[in-house]
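Starting from the known structure of chain R, fit chain P onto it as the hints suggest.
Listed here are the chains, written in short residue letters.
2 protein chains.
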Amino acid sequence: MSDQTSQNLFANLPTDLTDELVSVLAESAHVRIERLVSTGQCSEPVFWYDQEEHEWVIVLKGQARLLFENEDDPVTMLPGDHVLIPAHRRHRVEWTTPDESTVWLAVFYSNRDPQK
Amino acid sequence: MSDQTSQNLFANLPTDLTDELVSVLAESAHVRIERLVSTGQCSEPVFWYDQEEHEWVIVLKGQARLLFENEDDPVTMLPGDHVLIPAHRRHRVEWTTPDESTVWLAVFYSNRDPQK
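One line per chain: the protein sequences are R and P, in this order. Under the working numbering, think of the first position of the first sequence as 1, with each following residue one higher. Under the working numbering, think of the first position of the second sequence as 117, with each following residue one higher.
It is worth saying that the hints were derived from the structure and are not from the lab.
Output of the computed footprint for chain R on chain P, the stretches with three or more beta carbons under 8 Å from beta carbons of chain R:
1) 120 to 126
2) 146 to 152
3) 176 to 187
4) 194 to 201
Glycine included, C-beta positions come from ideal geometry on N, C-alpha and C.
So here's chain R without its partners, still in its complex pose (with noise of 0.2 Å):
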C-alpha cells in the first residue's frame, strides 16, 4: 500500500452553498494552504478583510472580483489569476459569477523575505 495518495481540488464541490466554504489542504507552523469555494457570496459592501498574514491566492475555476481599499477598479480574477494580498492590505470579494462555483487556492504566510 502507498502512503502517497493525490486528492482533487475540483472533487467534491458543494453545488448549494450558503456560506464560502473553506477547507485546509496543507499546514504547518508558518504556512497554510486552503481551498475556498464561492457560489455567488461576496463580502458584505461594508466589509474589509484585513488579514494578520499575507496571502497569494489564484482562481482556478469560475470568476471573481476582487476590490482593494482606496482602488476605483476591482481586479478581475479569471481561471489562473493570481495575485499577492499583504498582510493588512484591505480587501473585499466584490462579486463571484453565480452561474457556477468559483474555486480559489489560497496560500496564508506570516513572514515576508527579510531580503525585500
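Below, chain P without anything else, positioned relative to chain R:
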C-alpha cells in the same frame, strides 16, 4: 493606478523546453511558491529528489506520474490532483505528458505543524 494587479499562471507557457522551467511566484522566510512547467521532462532513472523542505504540489494542466521511493506504483497526477511530499521523502517525476505543457504549482515550506 492600482498597486494590485494579477498575473496568470497559464500565461507565457514556453512551447520548446529542454529543461523544466521554474518561476518563483511569491517567497518569504518560510515559504516559496513556484510555478513549474515541464514538457515531457522527467527525472533521470537513477535520480531521487530528497528535499529539505516539505512540498505541497498540484498539477493544474497536463499530466504527470510521481514515483515515491519504495513504492511499486507511481501516483498519476491529473489537473486538480495534489499531494503533500514530506521533507526527505524521496521521489521522482517518472513521466510528464509530451503532448502539452504540464503546469505544476508547488508550495515549499520548512516547518511542519507542531500540533501534528
